[in-house]
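Visitor: Okay, here's what each chain looks like letter by letter:
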Amino acid sequence: MFLLCLQVAVALYGLASMAVLVAVFGHRSRWARLCVVSSVAAWAFHAVSCTEMLAVAHRWMPVGMHEVQSVLALLISTVFLLILWRYRTLSFGVFALPLALLLAFVPALGPDKYTFSSPLVRSGWLFVHIVALMMAYAALIFSLTASLLYLVQERRLKNKRWPGFLEWLPPLETMDQIAQTTLVLGFCGMTVGLFAGSLIAQEQYGAHYFADPKIWLSFLVWGLYVVMLFVRRSTGLRGLRAVYMSSLVFIAMLSVWAANLFSSVHRFGAP
Amino acid sequence: MRISLTGLNHKTAPVELRERLAIAREKLSTETAELLSYDGVCECLILSTCNRVELLVCHEREDPGLPGYLNRRFSVDAAALQPHLYNYKDADAVRHLFRVASSLDSMVVGEPQILGQVKESYFAARDVGAVGPELERLLQSAFAAAKKIRTETRIGASSVSIASVAVDLARKIFGSLEGKRVLLVGAGKMSELAARHLMQQGAGSLLISNRTHERALAMAAKFNGHVIRFEELLARADEADILITSTGSTEFLFRAPHAQQFLQRRRNRPMFFIDIAVPRDVDPAINRLEGIFLYDIDDLQSVAAANLADRGGEARLAESILDQEIERYKHRTEALDVVPALVDLQAAAEEMRQAELRRNHAHLRSLTAEQQEAVDAITRGLMNKFLHQPLLMLKAAAREGDSARIEAIRAAFQRESRNGHSEALGPETSLDSAEQSGEAKTLLSKS
Chain Y
1 MFLLCLQVAV
11 ALYGLASMAV
21 LVAVFGHRSR
31 WARLCVVSSV
41 AAWAFHAVSC
51 TEMLAVAHRW
61 MPVGMHEVQS
71 VLALLISTVF
81 LLILWRYRTL
91 SFGVFALPLA
101 LLLAFVPALG
111 PDKYTFSSPL
121 VRSGWLFVHI
131 VALMMAYAAL
141 IFSLTASLLY
151 LVQERRLKNK
161 RWPGFLEWLP
171 PLETMDQIAQ
181 TTLVLGFCGM
191 TVGLFAGSLI
201 AQEQYGAHYF
211 ADPKIWLSFL
221 VWGLYVVMLF
231 VRRSTGLRGL
241 RAVYMSSLVF
251 IAMLSVWAAN
261 LFSSVHRFGA
271 P
Chain D
1 MRISLTGLNH
11 KTAPVELRER
21 LAIAREKLST
31 ETAELLSYDG
41 VCECLILSTC
51 NRVELLVCHE
61 REDPGLPGYL
71 NRRFSVDAAA
81 LQPHLYNYKD
91 ADAVRHLFRV
101 ASSLDSMVVG
111 EPQILGQVKE
121 SYFAARDVGA
131 VGPELERLLQ
141 SAFAAAKKIR
151 TETRIGASSV
161 SIASVAVDLA
171 RKIFGSLEGK
181 RVLLVGAGKM
191 SELAARHLMQ
201 QGAGSLLISN
211 RTHERALAMA
221 AKFNGHVIRF
231 EELLARADEA
241 DILITSTGST
251 EFLFRAPHAQ
261 QFLQRRRNRP
271 MFFIDIAVPR
281 DVDPAINRLE
291 GIFLYDIDDL
301 QSVAAANLAD
311 RGGEARLAES
321 ILDQEIERYK
331 HRTEALDVVP
341 ALVDLQAAAE
351 EMRQAELRRN
361 HAHLRSLTAE
371 QQEAVDAITR
381 GLMNKFLHQP
391 LLMLKAAARE
401 GDSARIEAIR
411 AAFQRESRNG
421 HSEALGPETS
431 LDSAEQSGEA
441 KTLLSKS
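Top line first, the protein sequences correspond to chains Y and D.
By my numbering, the letter at position 256 of the first sequence is numbered 256, and the numbering carries on one by one without gaps.
By my numbering, the letter at position 273 of the second sequence is numbered 273, and the numbering carries on one by one without gaps.
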């Protein structure tokens, strides 16, 4: 049943992705309405699908690539709808909706062959750890996108190219607020995620767990996040330098994800 | 009398050149008087706005050489000036003036300021006696056409003035204008309008700074704003999110180091400079700073071009109204041109009648006074009846602008054309010409 819901959600994401392109680039209000309706419907089906998927597995933690992708797509869709509700701008849908579609497409094809057998996956703390960190990923994707779009809009305003293909870009200040808000949201997610992860690690493995490259890289990213937030808040950093900083943190975050390959303990294998 | 119009505008010349030729409002009368004294110029008007400098003259000679006047007067190299100048004659000059007054030639088509600026130029020219009957007629027709276009089309309905373009740009930067502070430097009409638009769109508060402190106070009272002393301008300009400047300063008021300080004090929050002044008040180099957005008059042109596309239909409708108004002006001019012909015909016929009465004086002498009066009335009636049809035809030809027919009627009565020679019906007039001219005009107006 959850698979059917996910397939409906994917179909609706597809419709929303098409509608957002016509609405944003063609300035068509009817398509904008269609995009909003289909996005909300897709989110609802997707949320039902994820909940049922985890409920059937008797755990709250997404494991395996399909589950993680599906939850990440749901989080991206959630952030997009929050931005739409708060800032009344569809423009981010141009990136967010196709991304959600791509992420949810493979999980919608069928259940994952590979699962993790560790009893840890049934831990509530691990659920908090994973979901909070995924939220941080989703938020950082939006923050980086907003910073990049800010840069494009800034260049456009400075070069005085009117009108043009990029007419749909939201105002500078809106993008700056989105970048800042998602950054804070991502920071909260990362802090909670790391805190939950540290508690689990301390409980299960003791202090030596913190010598793992994945773990210290995670704390390094958190540190970078703190620095970026501090600099942005204190100096009002915008434009190109803000993009550089966001990109740096994003790359660091990707490297944390990739660090699973080198991690000896962060594999959720059977103990 | 011939009409010539020479000038340059935002389409033909860059702001750097326009600002060299720009004439301040207070100098407009003096400059117009100067132009009037130029050899061959009978009537004249100078239109100087941030987008155009144009000389409109009525002259008898073939060409008064207005480009030469501009070269000498403004010490601009002829070679540099010539490629940017346009020169219209007679019908073309009339059309151009009508288009300018109707805002169809404006940078932002449909903007309402230009009509006021043309009127200002007209008042300045009238004050120094540079407006004669020809220019008076032309300008009044242009004003009437502009008014008609504004009322009969929606050309001014959508917000496409420089002021509203500024509002649009501010929205691209700040999103909502709610709570944003606007600083007005200088107290020009255009900047006042831009500030008014911004306030109407939700801008939080207005700061005003002007060299003449009293004027700033008056404006602050009008907009419920606050005054910044001109000496404190650089120290406090960073309080504003949007800065509109339109002073008459010949040097930059804001340069890159100032903008850097503003950004530092604002913790890099963006600042939008709208430089409406010509010569410009803001150094273009500040646009290179991250967080500073500068738009001068020329930059706004690109934005206006976008809006222009949206109002294509209205502009086309306005052009057709303009065609009608130009035709009406032409007819009116020709109708007035035919007045001397009407007077001429009547005078000649009356002269013939008097001559016949004199010739037959010996025979009529035996008549009583009453009988002589009756003869006089009969001959006068005959003459009027005889002239009635040709006069009607002359009036109709004038109304329709049919100059060939006018000439044919003149020829039929062997009257000389305006530049002609023959005078078959006699050179003298016994009637008071002014009275006859009045009669002819009455006839025309009745028609």
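Among the hints, erroneous ones may be present.
Which stretches of chain D does chain Y cover? Using the computed rule of at least three CB atoms under 8 Å from a CB of chain Y, they are [said to hold, decoys possible]:
#, stretch
1, 187 to 200
2, 250 to 256
3, 293 to 299
Cβ pair distances, simulated, as ranges [what the hints assert, rightly or not]:
#, chain 1, residue 1, chain 2, residue 2, range
4, D, Gly248, Y, Arg241, 32 to 40 Å
5, D, Glu16, Y, Ser234, 51 to 59 Å
6, D, Gly179, Y, Lys158, 22 to 30 Å
7, D, His226, Y, Lys158, 27 to 35 Å
8, Y, Leu82, D, Glu319, 48 to 56 Å
9, D, Lys189, Y, Leu82, 39 to 47 Å
10, D, Lys189, Y, Leu240, 54 to 62 Å
11, Y, Ser234, D, Thr151, 51 to 59 Å
12, D, Lys189, Y, Lys158, 23 to 31 Å
13, D, His226, Y, Leu224, 42 to 50 Å
14, D, Gly179, Y, Ala44, 54 to 62 Å
FYI, nobody ran anything at the bench for these hints, they're computed from the structure.
Being a predicted model, the structure only gives us computed values, none of them experimental.
Ideal placement from N, C-alpha and C gives every residue a C-beta, glycine not left out.
Visitor: Confirm or reject the claim that serine 234 (chain Y) and threonine 151 (chain D) have a C-beta distance inside 51 to 59 Å.
Guide: holds, 56 Å
Visitor: Examine the stretch 250 to 256 of chain D for residues whose CB is less than 8 Å from any CB of chain Y, and state whether their number is three or more.
Guide: Since 0 is below three, the answer is violated.
Visitor: Given the hint of 54 to 62 Å, check if glycine 179 (chain D) and alanine 44 (chain Y) actually sit that far apart at their C-beta atoms.
Guide: Violated: the Cβ-Cβ distance is about 36 Å, outside 54 to 62 Å.
Visitor: Take the C-beta atom of lysine 189 (chain D) and the C-beta atom of leucine 240 (chain Y), compute their distance, and say whether it sits inside 54 to 62 Å.
Guide: violated, 39 Å
Visitor: Given a hint of 42 to 50 Å, does the C-beta separation of histidine 226 (chain D) and leucine 224 (chain Y) actually sit inside it?
Guide: holds, 43 Å
Visitor: Mind checking the hinted window 39 to 47 Å against the Cβ distance between lysine 189 (chain D) and leucine 82 (chain Y)?
Guide: Once the Cβ atoms are compared, 45 Å apart, the range 39 to 47 Å for leucine 82 (chain Y) and lysine 189 (chain D) holds.
Visitor: Indicate whether the distance between the beta carbons of glutamate 16 (chain D) and serine 234 (chain Y) respects the range 51 to 59 Å.
Guide: violated, 41 Å
Visitor: Does the beta carbon distance between glycine 248 (chain D) and arginine 241 (chain Y) stay inside 32 to 40 Å, or does it fall outside?
Guide: The hint (32 to 40 Å, Cβ to Cβ) holds, given that glycine 248 (chain D) and arginine 241 (chain Y) are roughly 38 Å apart.
Visitor: Given a hint of 23 to 31 Å, does the C-beta separation of lysine 189 (chain D) and lysine 158 (chain Y) actually sit inside it?
Guide: Once the Cβ atoms are compared, 28 Å apart, the range 23 to 31 Å for lysine 158 (chain Y) and lysine 189 (chain D) holds.
Visitor: So the hint says 48 to 56 Å: do the beta-carbon atoms of leucine 82 (chain Y) and glutamate 319 (chain D) match that?
Guide: About 50 Å separates the Cβ atoms of leucine 82 (chain Y) and glutamate 319 (chain D), which means 48 to 56 Å holds.
Visitor: With a cut-off of 8 Å between beta carbons, are at least three residues of the stretch 293 to 299 of chain D near chain Y?
Guide: That given contact holds, which follows from 3 residues of the stretch 293 to 299 of chain D lying within Cβ reach (below 8 Å) of chain Y.
Visitor: Would you say the stretch 187 to 200 of chain D counts as covered by chain Y, given the rule of at least 3 residues with C-beta under 8 Å?
Guide: violated (count 0)
In this structure, the hints that do not hold are numbers 1, 2, 5, 10, 14, in rising order.
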